[in-house]
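A.B. asks: Using the sequences and the accompanying hints, generate a full structural model.
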Amino acid sequence: MEQAKLEFLKKTAAQVRLDILEEVHAASSGHPGGSLSIADILTYLYFEEMNVDPKNPQWENRDRFVLSKGHTAPALYAVLAEKGFFSRDELKKLRHIDSFLQGHPDMKGTPGVDMSTGSLGLGFSSACGMALAAKIDGKDYRAYAVVGDGESEEGQIWEAAMFAAHYKLDNLCVVIDWNGLQIDGPVTEVMNPTPHDKKLEAFGFHVISIDGHDFNAIEAAFNEAKTVKGKPTAIIARTVKGKGVSFMENQVGWHGSAPNDEQYAQAVAEIKATM
Amino acid sequence: MAEKIATREAYGKALAELGDKYDFVVLDADLAAATKTGVFKKKFPERFFDCGIAEGNMISVAAGLAAAGKVVFASSFAMFAAGRAFEQVRNSVGYPHLNVKIGATHAGVTVGEDGATHQCLEDFALMRSIPGMVVINPADAVEARAAVEAAINYVGPVYLRFGRYAVPTINDFEGYKFEIGKGINMRDGNDVTFVATGMMVSMALDAAEILANEGISARVINIATIKPIDKDMILDAARKTGAIVAAEEHNIIGGLGSAVAEVVCEGCPVPVVRMGVEDKFGHSGKVPPLLEMYGLTVENMVAKAKEAIALKK
Chain A
0 MEQAKLEFLK
10 KTAAQVRLDI
20 LEEVHAASSG
30 HPGGSLSIAD
40 ILTYLYFEEM
50 NVDPKNPQWE
60 NRDRFVLSKG
70 HTAPALYAVL
80 AEKGFFSRDE
90 LKKLRHIDSF
100 LQGHPDMKGT
110 PGVDMSTGSL
120 GLGFSSACGM
130 ALAAKIDGKD
140 YRAYAVVGDG
150 ESEEGQIWEA
160 AMFAAHYKLD
170 NLCVVIDWNG
180 LQIDGPVTEV
190 MNPTPHDKKL
200 EAFGFHVISI
210 DGHDFNAIEA
220 AFNEAKTVKG
230 KPTAIIARTV
240 KGKGVSFMEN
250 QVGWHGSAPN
260 DEQYAQAVAE
270 IKATM
Chain B
0 MAEKIATREA
10 YGKALAELGD
20 KYDFVVLDAD
30 LAAATKTGVF
40 KKKFPERFFD
50 CGIAEGNMIS
60 VAAGLAAAGK
70 VVFASSFAMF
80 AAGRAFEQVR
90 NSVGYPHLNV
100 KIGATHAGVT
110 VGEDGATHQC
120 LEDFALMRSI
130 PGMVVINPAD
140 AVEARAAVEA
150 AINYVGPVYL
160 RFGRYAVPTI
170 NDFEGYKFEI
180 GKGINMRDGN
190 DVTFVATGMM
200 VSMALDAAEI
210 LANEGISARV
220 INIATIKPID
230 KDMILDAARK
240 TGAIVAAEEH
250 NIIGGLGSAV
260 AEVVCEGCPV
270 PVVRMGVEDK
280 FGHSGKVPPL
290 LEMYGLTVEN
300 MVAKAKEAIA
310 LKK
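Line by line, the protein sequences give chains A and B. Taken in order, the first sequence gives residues 0 to 274; the numbers are from numbering that gives the first Met the number 0. Taken in order, the second sequence gives residues 0 to 312; the numbers are from numbering that gives the first Met the number 0.
Everything labelled a hint here was simulated from the structure, so no lab data went into it. Predicted, not measured: the structure shown is a model, and the values here were computed from it. You can take every hint at face value.
Reference listing, derived: stretches of chain B covered by chain A, where coverage requires no fewer than 3 residues with Cβ under 8 Å from a Cβ of chain A:
1) 41-52
2) 81-95
Below, computed lysine-lysine pairings styled on DSS-like, alpha-carbon distance capped at 30 Å:
3) 107/A with 181/B
4) 20/B with 226/B
5) 42/B with 138/A
6) 226/B with 107/A
Glycine is no exception: its CB is placed at the ideal position from the N, C-alpha and C atoms.
C.D. replies: Given below as structure tokens:
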């Protein structure tokens, strides 16, 4: 990847992280840990990978994105705002009574949100439906989904995996956000869903394992996915929950709690120091 | 006796016929032979997708297809479409108000031999509690076909209930017109009103005939759309006949009887007697003895009408 592009992506992802912190702090609630872990992947998707038009969010030939792990909506809202789907001023209204930024994504209320999600296990199936629609209509748009590692304990994720492979949805790419933590503790201790790579391969996926914070690896994976024919692609992205904020990294407690004023100031200072 | 056809048969046939006129896709969960979506599959294999025995996934896939602009029918037995996949119907389809039509067959005790696990008696209660969900229960083959076409033309989620058991055709009269949200006055009467849905409508017509011989004048209303319910027609019946029997092949909790009672209590309080399965699970058996066992009979309907009349002040 060219240095300028890499710098742009890093800077954008840092801004997305600042946005996430701003949103969750202003809401005094929300899910910072899993939002920060997917900040780089979502930044790449919206600023490099996906064919979308912020001026025409309902453009019928756009690529589709489903945040199956809907509780990390702050990350999605941040990239949508940075991309220009709506004003950045909206971000500090997350979860407020007068805001269209619901606690979990609402496709009817928020420009750029392609599917309402939040109840875990459902979104991946809907991304399959979108990919199938493209096949039926002979269109070349692609469908992307981000599934949480804890979310993969839901049986429906594997129903969707069967469906995607059965119908050869090679226009579908799912990212498993492997940050290793869920509410009750480490994913492997709560209810071990691993190995994702071998399981998804057995289900009929082309599987790519990467460092989910390495833009070169992210780019290579998405490019590879587009060359795969006859089967869907799964990208297992090793990530750090709370990535970018020292006291949040790899801490279960930051799954679903907001920073206080002091913690927020420190978190912002840490991210800004990288910019 | 009018021709008897199961509404599921009419459903499959309607999909296959209307597939020429409208662009929609059909999903099923390994029950295409039973739900009769197989009739559509045979004619339009490229627009039919079997999802296997995974109803939750099917409903969320349907939501994705609808979000991408397709009109989608998703079929399974009522137990699995409304029961197993309730949360997917609520969150993937209902919340974003997507254009998914749930074709649920094999509802009620008339499933017969398969017994309680497959005899869904709770689907009206589940589906009508979802905001924005249209709930339709056709009374016969004529209405089933009309309801399928109306669902295609309606933008938004629709739950359609069909039965396995062959029922008499009662809507093959001139001037029949199906409209979502509109009841149909099947017979005029002054002493009591049967507000019935599905297969109970033809029974209500028979019950009204028996009552007439006893000098009791019973009105009969066919409520195919459980939600949004035809308040005007029900309140008119409450005002003019002063007593109502609500009849359905469903638990008396949460279904048509509850919906009618809600309307009547708020608009014109008169006695409402609920007739249906009285908070019980189903049972294996042939349909006629099952209907006897659960009191879904013309005789019981006559008794319920007298009960309602006796409650009048």
